[in-house]
Amino acid sequence: MPTQTVMDHTGDTRHQFDATDQAAVAEAEKRFIELTGAGFTAAKRTGNGTSELIRTFDPTAEETLFIPRLIAG
Amino acid sequence: MNSLLIAFAFVCLLGLGHALSLAAHAVCTDRRQSRRTEEKARALLRSWLTPQQANQWDTRKEFEVIGSHTGTRYRIRRATAMNIDELDSRGKVVTQWCFAPQGELAVGDIMLAQKIALETMEWNALASANRRVLRP
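Chains as they are written, first to last, in this note's numbering: chain A, 1 to 73; chain B, 1 to 136.
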């Protein structure tokens, strides 16, 4: 089941959705737009330890990780 | 009068004891929560590493990544500041970099964000980073 993982102060929060459920997909897309709009970077897992950035919602992505905006440390 | 004072002192001591007990409980709960957060972040990090990186992480608590634009090799160490070493072809550290995701995040989350940033958007990540050049 596709999962959206959002890094946060608890470690992370995960949201799973049923890719065959239109309402669930719409909710996942809304979350994607809200998070990326707020400055989060979205990365899709592409393989064993590999990933790629995505700028638009991909309902086929099995796992998408949302990383807060990067700043100088 | 004396017995009233003694009773009053006794009640005060009971109240103080109860307050101390609550404070100790809160500290323990915070520490447990913090430990759970760190463990969760480490598990997430581990799950996004390549087999080679996972092996490095398991043995040395650090791992190497290749920059997406320059092919440069970086070593990400378990720390929250100046924990990215840029390596030359002989494995010597030439520059240390530091950038991190905004907010109060666990070390594992910070390291995972650094890995993905360097592997997918190296120039953008370093543009926002602090750096210390060790060898010109």
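Derived by calculation from the structure, the hints in this document are not laboratory data. Careful: at least some of the hints might be erroneous.
To be verified - Think about it this way: if two alpha-carbon atoms lie no more than 30 Å apart in a straight line, the pair counts; the simulated BS3-like pairs of lysine-lysine are:
id	chain 1	residue 1	chain 2	residue 2
1	A	44	A	30
2	B	40	A	44
3	B	61	A	30
4	B	92	A	30
5	B	92	B	61
6	B	40	B	61
Status of each hint after checking the structure:
For a cut-off of 30 Å, the pair hint linking residue 44 (chain A) to residue 30 (chain A) stands: about 17 Å separates their Cα positions. For the suggested pair residue 40 (chain B) and residue 44 (chain A), the alpha carbons sit about 19 Å apart, so the restraint of at most 30 Å is met. Restraint check: the Cα-Cα separation between residue 61 (chain B) and residue 30 (chain A) comes to about 37 Å, which exceeds 30 Å; the hinted pair is violated. For the given pair, residue 92 (chain B) sits about 45 Å from residue 30 (chain A) by alpha-carbon distance, which is inconsistent with the 30 Å threshold.
At most 30 Å may separate the alpha-carbon atoms for a hinted pair to count; residue 92 (chain B) and residue 61 (chain B) meet this at roughly 18 Å. A C-alpha spacing of about 16 Å is found between residue 40 (chain B) and residue 61 (chain B), which places the hinted pair at or below 30 Å, so the restraint holds.
Hint check: violations occur at hints 3 and 4; the rest are consistent with the structure.
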